[in-house]
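Taking the hints into account, I'd like the entire structure generated from these sequences.
Number of protein chains: 2
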Amino acid sequence: MWNVNVFYGLSFLMAAIAFAYAAYLYLWVKKHKVENAKIDEVSKLIKEGANTFITREYKILAVFASIIAVIILVLLPKPIWQSAADGGFKEVLQNNIAIAIAYIAGTVLSAIAGKIGILVATLSNGRTAEGAKKGIKPAFLMGFRGGSVMGLLVVGCSLLGVAAVLWITKDAGILLGFSFGASSLALFAKAGGGIFTKTADVAADLTGKVELGIPEDDPRNPAVIADNVGDNVGDVAGMGADLFDSNVASMASALVLAQALTNTLFSGAAVKLIFCYAILGLLSSIIGIATGRIGKKGSPTKALNMCTYITTAIFLVLTAGATLLFSAMESGITEFAWRIWGCSAAGLIVGVIIGLATDYFTDDSKPIVKKCAKASASGPAFTILSGVSYGFISALPAMVGIAVSALISYNLLAPMGGTGYGVFGIAMAAIGMLSIVGMIISNDAYGPIVDNARGLAEMGGLGDDVIEIADELDSAGNTVKAVTKGFSIGAAGLTVISLLSAFMTEANAALAEAGKTLLSGFDIMDPIVFFGILIGAVIPAVFSAMLILGVDRNAQRMVKEIHRQFNDIPGVREGTTKPEYGECINIATSGSLRELIPAGLIAIIATVLVGFIGGPKAIGGFLLGNIVTGLLISLFMSNAGGLWDNSKKYVEAGNQGGKGSEAHKAAVIGDTVGDPFKDTAGPSINTLITVVSLVASLLAALFARFNLAMFL
Amino acid sequence: MWNVNVFYGLSFLMAAIAFAYAAYLYLWVKKHKVENAKIDEVSKLIKEGANTFITREYKILAVFASIIAVIILVLLPKPIWQSAADGGFKEVLQNNIAIAIAYIAGTVLSAIAGKIGILVATLSNGRTAEGAKKGIKPAFLMGFRGGSVMGLLVVGCSLLGVAAVLWITKDAGILLGFSFGASSLALFAKAGGGIFTKTADVAADLTGKVELGIPEDDPRNPAVIADNVGDNVGDVAGMGADLFDSNVASMASALVLAQALTNTLFSGAAVKLIFCYAILGLLSSIIGIATGRIGKKGSPTKALNMCTYITTAIFLVLTAGATLLFSAMESGITEFAWRIWGCSAAGLIVGVIIGLATDYFTDDSKPIVKKCAKASASGPAFTILSGVSYGFISALPAMVGIAVSALISYNLLAPMGGTGYGVFGIAMAAIGMLSIVGMIISNDAYGPIVDNARGLAEMGGLGDDVIEIADELDSAGNTVKAVTKGFSIGAAGLTVISLLSAFMTEANAALAEAGKTLLSGFDIMDPIVFFGILIGAVIPAVFSAMLILGVDRNAQRMVKEIHRQFNDIPGVREGTTKPEYGECINIATSGSLRELIPAGLIAIIATVLVGFIGGPKAIGGFLLGNIVTGLLISLFMSNAGGLWDNSKKYVEAGNQGGKGSEAHKAAVIGDTVGDPFKDTAGPSINTLITVVSLVASLLAALFARFNLAMFL
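Top line first, the protein sequences correspond to chains A and B.
Residue 660 in the working numbering sits at position 522 of the first sequence, and the numbers go up by one each step.
Residue 632 in the working numbering sits at position 494 of the second sequence, and the numbers go up by one each step.
Do not rely on the hints blindly, as some may be mistaken.
No copy is singled out in the list; a pair is fine if it fits within one copy or between any two copies.
[Stated by the list, open to error] Cut-off 25 Å, straight-line C-alpha distance, at most; resulting in silico cross-link-like pairs (PhoX-like, lysine-lysine):
#1 K271 to K169
#2 K698 to K512
#3 K347 to K228
#4 K435 to K654
#5 K171 to K272
#6 K228 to K168
#7 K698 to K509
#8 K512 to K803
#9 K347 to K803
#10 K512 to K347
#11 K271 to K504
#12 K182 to K803
#13 K698 to K508
#14 K803 to K698
#15 K716 to K347
#16 K787 to K434
#17 K176 to K654
Source of the hints: derived by calculation from the structure; they are not laboratory data.
Quick caveat: nothing in here was measured; it's all calculated off a predicted structure.
Okay, here's the thing in structure tokens:
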């Protein structure tokens with residue numbers, strides 16, 4: 139069998155190939171020219187705006203990350219003074235330093251991927267609008283390839299980072315630090331970006347569509363550029379950081395569990411297989427991206443879904459081939475390797491099922507969207523009741539899917555050596571589900587590019603035919619985005635189960651050292667665990683509520699600014715003077731960061747409080763509570779939001795009275811409610827869950843040593 | 139120490155006192171006359187309508203209960219054939235018969251209480267309207283005393299039933315059957331009644347206020363009587379059955395746990411103390427009810443709250459006295475008895491805290507309602523976003539409260555002998571929280587009576603001054619109702635923890651008999667448990683969504699019927715011909731039962747499926763998932779609904795532009811969304827949780843013997 143270093147090498151090579159292909163796509167996008175001067179101007183404004191946000195965000199993040207890095211250095215996983223007393227000062231310090239550096243590396247790599255992704259996305263939007271002049275085929279390709287750069291970078295960076303950290307340190311525990319870095323950034327990027335984008339969207343709609351009766355994307359609206367910037371920072375940078383985070387967390391927890399397997403033969407093979415799967419997943423995504431094409435009359439939704447299916451099939455075949463190869467080289471692991479393949483296949487297939495179910499609840503050719511549109515004819519209250527109800531019901535297939543895939547993958551591996559193996563199986567299901575993440579991000583980043591392109595086509599006055607093409611591209615983006623969210627939520631669910639186990643491992647190491655009774659699990663009937671569960675369960679609800687209220691407050695600020703410009707700057711309302719777009723971008727930027735911080739802090743403080751009150755047992759329950767209601771609420775919010783959005787589009791397409799009807803007004807209200815649900819709160823919850831799990835794992839040793847429950 | 143039979147005797151005596159006092163109040167209400175012919179006529183129509191629903195509901199329930207009774211007879215807790223093989227045929231049959239009879243008794247007692255409660259409530263509504271002519275003082279007293287009859291009957295019947303079952307059988311296990319009977323009825327009464335009331339409310343508002351622009355309670359509207367009937371069947375019969383169920387479940391689970399305590403001295407004392415607490419709780423409620431009064435210019439909200447505080451204080455003092463007495467008679471149990479007192483005090487105090495928190499989020503003199511009203515000025519989407527956000531946040535204090543009270547009460551009793559004692563402590567906290575349930579139900583049943591009275595005053599043309607008094611009484615009813623819901627949700631949370639333990643006891647008995655490994659708990663890390671948790675977590679979401687969709691569908695049917703009457707019966711629209719009120723009542727009745735059944739079945743089928751797939755371990759997880767998201771969703775829905783309702787009232791009082799403003803329109807939409815949240819879905823979830831827990835406990839032996847997970 140090859141040495142594990144071969145796999146690190148292959149990982150670096152594969153990352154390099156991904157970067158090279160991304161560079162090729164970047165140059166391909168860049169060589170197309172933007173001819174329309176207005177489009178060129180506006181797309182540059184969007185680019186500047188996005189850079190303003192990213193720069194400001196990264197500055198705040200740099201301060202935040204430095205503080206965390208110092209805390210890690212002094213405290214985590216062991217307080218320096220504690221170990222000084224134990225005599226192992228140097229080792230402890232080395233370990234703490236390694237984790238702190240890994241933490242910084244996690245934030246930096248994710249930040250780089252986000253920055254370049256934004257760069258390419260803001261480069262592609264105008265070119266996609268230009269492409270739409272020639273037809274759907276070149277426009278689709280421009281949007282899709284622009285988005286793919288982000289997909290390739292995110293997966294390349296995560297593979298590179300994980301392989302490098304493990305190659306250097308050989309200790310998967312350090313990877314938790316790297317993963318925590320990735321989550322910290324994701325929390326800022328996803329939740330902050332989510333607040334930014336919906337602030338601008340809501341304020342632009344309120345003042346533009348509602349007050350002035352001017353169309354979406356009208357350049358007279360001072361918030362219009364901020365709105366377009368929002369798509370990029372929320373969906374490109376935000377979703378990219380989110381999936382970077384999920385991908386790294388799933389690899390990190392799988393590697394921690396793999397290194398802890400008792401059978402050394404299996405343990406070594408497991409580490410190699412994890413890298414092998416990640417490498418083949420990236421390779422499959424590259425092939426999938428390369429095949430992304432559409433006919434002159436083709437459907438962009440079908441084209442995007444086809445890429446996903448191709449990637450899935452290639453991944454399953456390639457990993458089966460790799461399993462054969464592994465078996466041939468090391469006959470002792472044949473059964474083990476095939477069972478792992480089964481776990482990853484189960485995860486991937488469940489991911490696809492979650493995607494299909496999401497599609498069923500949010501696609502406007504399916505019955506649910508039609509029902510919601512029909513309810514709108516009775517008034518907005520019925521739009522809301524219908525969306526809330528189907529949103530809750532839509533969580534059923536995903537929750538059952540996650541439950542079943544966890545059960546199957548656990549039982550596939552547990553016979554090889556017990557619980558540790560079973561949990562490792564669940565981690566491999568998460569890896570399977572995330573294997574095609576490169577493809578998923580590409581599809582997702584396509585969305586904001588074509589959304590922007592639609593706005594640019596309108597502002598550039600490219601005419602109705604071009605706008606219609608852009609609309610078709612945009613609608614496909616919405617549907618695919620819903621599927622992406624299902625995937626990322628599902629993967630977060632599985633990953634956090636393995637993080638729970640990683641937490642237990644860390645806590646037990648500390649308990650053993652302190653000479654205390656080890657944890658054998660977290661019993662629901664234990665009131666300390668139950669205490670943790672109830673408090674953990676309410677945190678995602680509070681977190682999402684705070685984000686929504688934050689969007690609301692921030693949008694009010696921006697509305698005030700828009701009114702100021704309308705009233706104080708002569709000519710803005712009439713369209714003869716250019717509005718001060720930058721002011722709106724500033725408000726969205728500073729407000730989003732200001733509103734995000736209390737929500738994030740509450741979650742982290744709750745974790746720390748529960749840990750120091752109830753100790754590791756309470757934290758086990760806390761994490762479970764978090765996962766359970768986090769999954770439910772994020773599925774509910776993402777799907778209800780998608781459903782309302784597409785119901786509105788369905789009514790606008792001429793159903794239930796079409797544009798301007800009472801049903802349309804009701805559908806617009808549904809969409810406005812759904813906006814922060816689906817683009818701010820819903821998709822931020824998985825980041826929250828990961829952050830909380832990692833904070834808990836990193837603090838495990840402290841919780842084990844110091845907690846109030848010791849005195850019970 | 140007195141023999142336990144003394145406590146049964148005292149229970150019967152106390153129940154008799156409660157019945158006698160209820161009879162006195164009934165006669166007091168009845169001796170007042172209704173002078174206004176119109177009010178007399180309409181209140182008779184309401185009474186008939188309520189009887190139509192109750193009769194139809196009880197008929198369906200009789201069929202349902204007979205089927206369940208036969209199933210119990212043949213299968214539960216042990217299949218007859220199984221035991222025939224074991225040789226203990228006669229004992230098994232006797233046991234099954236006893237449970238079946240107890241089950242029927244549970245449904246019948248609850249049904250009787252509901253029927254008489256409705257009778258008195260529909261008798262009091264017109265008299266309250268008449269009273270309002272003389273001022274707030276007599277009107278308040280009429281509404282309050284009318285409601286108290288329901289409170290006294292519910293608690294009297296539950297105490298009588300529990301004491302009788304235990305006196306006859308000596309086996310608390312049989313009580314689970316009695317409790318299951320109570321829950322079956324509660325599911326029909328609460329969820330069915332909830333669908334009925336909101337169907338009529340929504341349809342009446344849609345056709346009356348929105349289409350015709352006629353006021354609420356206008357007699358021209360064919361749905362107006364159904365709307366008033368709905369208040370009675372939903373809030374009097376429904377909430378009464380719900381709290382009958384919670385009260386019985388808390389006593390049953392506490393008694394099961396008490397009988398299982400290892401120390402026989404403690405075990406015997408525990409059983410006696412449970413009855414002692416129930417008796418003193420009822421006594422305190424009677425005293426509280428007797429003190430219920432209001433000055434000529436007094437605030438009805440304050441008067442109702444004062445009764446609650448008085449009852450709470452009396453209960454704490456009386457139980458402390460009883461504890462002293464117990465200690466004096468049997469010195470060996472002094473510490474044990476005081477610790478139990480601590481548990482019940484913790485439960486009761488947390489109940490009050492939950493009530494206060496609910497009040498903070500839903501009272502229109504507090505900031506949250508004002509914020510929600512302010513958001514309405516920006517449009518309905520913001521009303522919804524604000525209500526959803528604060529609804530989620532409002533779950534925080536209650537969840538933390540339940541978590542803390544469980545932790546405290548467990549740790550108060552666990553030192554007396556381990557886990558079994560700790561869980562018994564949690565059961566005693568639930569008993570403490572529900573001790574003042576007689577008072578709580580009285581306050582709650584006051585709501586629909588004064589709500590009806592307001593309608594009757596309008597229909598009877600009693601003039602603006604009287605309507606204003608009725609409005610003030612009604613507003614107090616809304617606030618107090620929110621507090622009641624908080625109490626019943628909190629108590630359900632604690633009760634179900636003890637039911638979880640009862641389930642484990644039952645499952646272990648079966649496992650021991652089958653010679654299998656016993657359960658020592660439910661470990662989150664066990665994938666079978668986790669599988670159950672995820673599926674259990676999604677059930678309350680699906681159940682509540684199905685109820686909401688049911689209200690929606692049913693309201694559409696009623697709107698169609700109203701349109702038919704307006705169009706086909708000459709004079710109805712103009713008010714010269716009396717509408718066919720009965721048709722609307724029929725639609726609400728048949729529709730509510732039709733819409734309820736699929737939702738209930740899904741929950742029960744899911745329980746049975748999870749049990750036969752994953753066995754007792756999966757069910758443990760399933761119940762936990764149910765509790766956790768059930769608590770969250772029901773708190774969210776109840777509080778968000780109350781918040782929207784009172785925000786609307788706050789705007790109508792002249793704030794944010796007052797009636798007719800854009801803010802008002804938005805607030806009305808919020809209220810319409812909130813109606814099925816707070817009166818149908820939210821408060822039905824605790825019944826669901828109890829039903830599911832009891833189904834699981836009764837089927838425990840079957841799940842333990844037959845399940846697919848055995849083959850893993």
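Hints, verified against the model:
1. Only within a single protomer do K271 and K169 lie at most 25 Å apart by alpha-carbon distance; the minimum there is 17 Å, versus 84 Å between protomers.
2. For the homomeric pair K698 and K512, the shortest alpha-carbon distance between copies (15 Å) is at most 25 Å, but the shortest distance inside one copy (35 Å) is not.
3. Taking CA atoms no more than 25 Å apart as the test, K347 paired with K228 passes in neither setting, with 64 Å inside one copy and 77 Å between copies.
4. With identical chains, the CA atoms of K435 and K654 are never at most 25 Å apart, being 68 Å at best within one copy and 64 Å at best between copies.
5. Taking the shortest Cα distances, K171 and K272 sit within 25 Å of each other inside one copy (13 Å), while across copies they are farther apart (84 Å).
6. In this homomeric assembly, K228 and K168 never come within 25 Å of each other (Cα to Cα): the closest approach is 51 Å inside a single copy and 86 Å across copies.
7. Taking CA atoms no more than 25 Å apart as the test, K698 paired with K509 passes between copies only; the shortest distance there is 18 Å, against 37 Å inside one copy.
8. In the homo-oligomer, the alpha carbons of K512 and K803 lie at most 25 Å apart both inside one protomer (13 Å) and across protomers (21 Å), since each shortest distance falls under that limit.
9. Proximity of K347 and K803 under a CA criterion of 25 Å is satisfied in both settings, with 11 Å inside one chain copy and 19 Å between copies.
10. Taking CA atoms no more than 25 Å apart as the test, K512 paired with K347 passes in both settings, with 23 Å inside one copy and 21 Å between copies.
11. Taking identical chains as interchangeable, the C-alpha atoms of K271 and K504 are never at most 25 Å apart, the minima being 31 Å within one chain and 57 Å between chains.
12. Taking the closest pair of Cα atoms, K182 and K803 never come within 25 Å of each other, the shortest separation being 34 Å inside a single copy and 42 Å across copies.
13. Taking the shortest alpha-carbon separations for K698 and K508, only the inter-copy value of 20 Å comes in at or below 25 Å, while the best intra-copy value is 36 Å.
14. In the homo-oligomer, the alpha carbons of K803 and K698 lie at most 25 Å apart both inside one protomer (24 Å) and across protomers (23 Å), since each shortest distance falls under that limit.
15. Taking identical chains as interchangeable, the C-alpha atoms of K716 and K347 lie at most 25 Å apart only when both belong to the same chain, with a minimum of 19 Å there against 46 Å between chains.
16. In this assembly of identical chains, K787 and K434 lie within 25 Å of each other by CA distance solely inside one copy; the values are 24 Å within and 57 Å between copies.
17. For the homomeric pair K176 and K654, neither the shortest alpha-carbon distance inside one copy (69 Å) nor that between copies (77 Å) is at most 25 Å.
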